[in-house]
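Spelled out from the first residue to the last, the chains are:
Protein chains: 2
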Amino acid sequence: MGEFGLIDHLTQGIKPMHASTQKGIGDDAAVLSYPDKKVLMTTDLLLEGVHFDLVYTPLKHLGYKAAVVNFSDIYAMNGQPKQITVSLGISKRFSVEDMEQLYAGIRLACEDYEVDIVGGDTTSSLTGLTISITCIGEADSDKIVYRNGAQETDLICVSGNLGAAYMGLQLLEREKKVLAGTDHDVQPDFAGKEYILERQLKPEARKDIIEKLAQAGIKPTAMMDISDGLSSELMHICKQSGKGCRVYEEHLPIDYQTAAMAEEFNMNLTTCALNGGEDYELLFTVPLSFHEKVQEISDVRLIGHITKPTLGCALVTRDGQEFELKAQGWNPLKQEKN
Amino acid sequence: MGEFGLIDHLTQGIKPMHASTQKGIGDDAAVLSYPDKKVLMTTDLLLEGVHFDLVYTPLKHLGYKAAVVNFSDIYAMNGQPKQITVSLGISKRFSVEDMEQLYAGIRLACEDYEVDIVGGDTTSSLTGLTISITCIGEADSDKIVYRNGAQETDLICVSGNLGAAYMGLQLLEREKKVLAGTDHDVQPDFAGKEYILERQLKPEARKDIIEKLAQAGIKPTAMMDISDGLSSELMHICKQSGKGCRVYEEHLPIDYQTAAMAEEFNMNLTTCALNGGEDYELLFTVPLSFHEKVQEISDVRLIGHITKPTLGCALVTRDGQEFELKAQGWNPLKQEKN
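In order, the protein sequence lines correspond to chains U and P.
Counting with the numbering used here, you get residues 7 to 344 for the letters of the first sequence.
Counting with the numbering used here, you get residues 7 to 344 for the letters of the second sequence.
Chain U extracted, bound-state conformation:
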């Protein structure tokens, strides 16, 4: 198969699921219909060697993740992802089979989250793999949650647990160094570490949390997904809302595999939870009156509260000391505007 047929090959059999996808792949532009909803739009650019390392990242997982991180941004607006375009820059190093794997991951994510692939392009690249995905989603106008709505006394909530994807990355980086130059048949022993690896290699977007909040009749006052680390995201919410916050170390949700790995690496666990990136959990604030309701939602934890701005943003440690939060972000070179 010549390269000319590659995108046809990769996209064959793709059929739109949504009524909002009126025309998908195959013309100068896709045609979408949103008469009753607001349209949400987010984009993400992933570069080999900067955002992913193919030494330990299976291409199918990479495709899945590249799609899911965009869905996560749509959920973080309290919306539903509906369409994506996929642009790939591919060097000669990659075979058609490689691209099939990558696309299989993208398509799997789209099936799991019910999203239509409506366009994109493939192009040769001089070096490495480039993946650019743009996602369109929908939301009712009165349901959209921005970053700037947090109010004093609001409760700060987070889904799932923190720092796991970061520790998964540390583990993979260590094994890469250990294995470099050694017998390639030696397989690293990841037994008991499956969870943190999966958090790094195949993260999920928290569609379930958005659904549970809706079922409980809770509309957050502010929301973000955690891609750069809790500290960084919380500071965004506080800055844009013109508020401060207190987060309690003892309430930070951390999985035992994350904790075990941090101990093995002799790393500060709280720092990992605060600054580890790529968790793709949801960080949101709700009015104090929702205290009981939000506590009933499984896999959501209350970690602190919003304050007046003069108090700044601080972590309260187990012994009652306060430390100012800093945005050490997992990847300060990658700056998303949405």
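Misleading hints may appear alongside valid ones.
Same chains, same label: a pair holds when it works inside one copy or across any pair of copies.
Restricting the straight-line Cα-Cα distance to at most 27 Å, the calculated cross-link-like pairs of lysine-lysine (BS3-like) are [said to hold, decoys possible]:
#, residue 1, residue 2
1, K183, K98
2, K245, K183
3, K66, K21
4, K332, K98
5, K182, K98
6, K66, K98
7, K21, K245
8, K299, K332
These are calculated hints, taken from the structure and not from any lab test.
Given chain U's structure and the hints, the job is docking chain P onto it.
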């Protein structure tokens, strides 16, 4: 200025122009509103060394072009571009001033074509510059023009002229070779070649043609923009419409600078016009009954007609011979689906 502030710096002062832009830069996703229109979506990925050469491409021009090529895809659907997201991958080689230049070009294009920048990201790259732009546009449902609507006896029309951008590229490539290793103070003499250089370095999208067609009450039966060359695009329209075509060599619109350059390079002018890419002119078909109306539109040329499919796609030369059209496309490695 640290890199952390780069995207804030580049996007400062950007204010949405359109009512459809309800929330632009600054959250997990932009919020758009399209209650009465269809939404058009297109995307383009540009990689240094593959799609552009910074030896002779000023960054401001590159930014302008990167935006305009996306607008062109929206016009090719008979729509209006309204919003873009801009993602940049930037290696250490580039300064903040470089990125200011690039962004200045993108912003100028957005001002000229009245398009809002609503998001994106900047990230470091290991090598070279990566630009990924996604454009959202709007169109009335009954005005959208696809590629698949061409009918037998329809007239084939093209705006502007063909092959100019390609000849501009040839000129720049030649000067690059001539100047390599020589005194950098020697400036190439581009006198009399300004037009073809501008067509290559700072192309425009044919918003004016879309407006003129609307004013004349003409809705094309099929339309595309010419990014890969007339032959390639015409074959797309014929294939998707299930038709054939005849294009007349004598009617191909060619600027005299293009012709002069082709002679200087000893290249076949018709081949340049048929296969030269990046013209971003509009190729469209209209019913035969619009013959007089479409001829009255300035800067539109009738170049042939649609036939039944069994006749295939062919060029009719000045001496009456027929040659089958071939999609030699300017850049066969770049395959756009939209």
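Status of each hint after checking the structure:
| no. | hint | result |
| --- | --- | --- |
| 1 | K183 with K98 | both (26 Å within a copy, 25 Å between copies) |
| 2 | K245 with K183 | neither (39 Å within a copy, 52 Å between copies) |
| 3 | K66 with K21 | within (20 Å within a copy, 39 Å between copies) |
| 4 | K332 with K98 | between (42 Å within a copy, 25 Å between copies) |
| 5 | K182 with K98 | both (24 Å within a copy, 26 Å between copies) |
| 6 | K66 with K98 | within (18 Å within a copy, 30 Å between copies) |
| 7 | K21 with K245 | between (42 Å within a copy, 20 Å between copies) |
| 8 | K299 with K332 | neither (31 Å within a copy, 65 Å between copies) |
Violated hints, listed in ascending order, are 2 and 8; each of the other numbered hints is respected by the structure.
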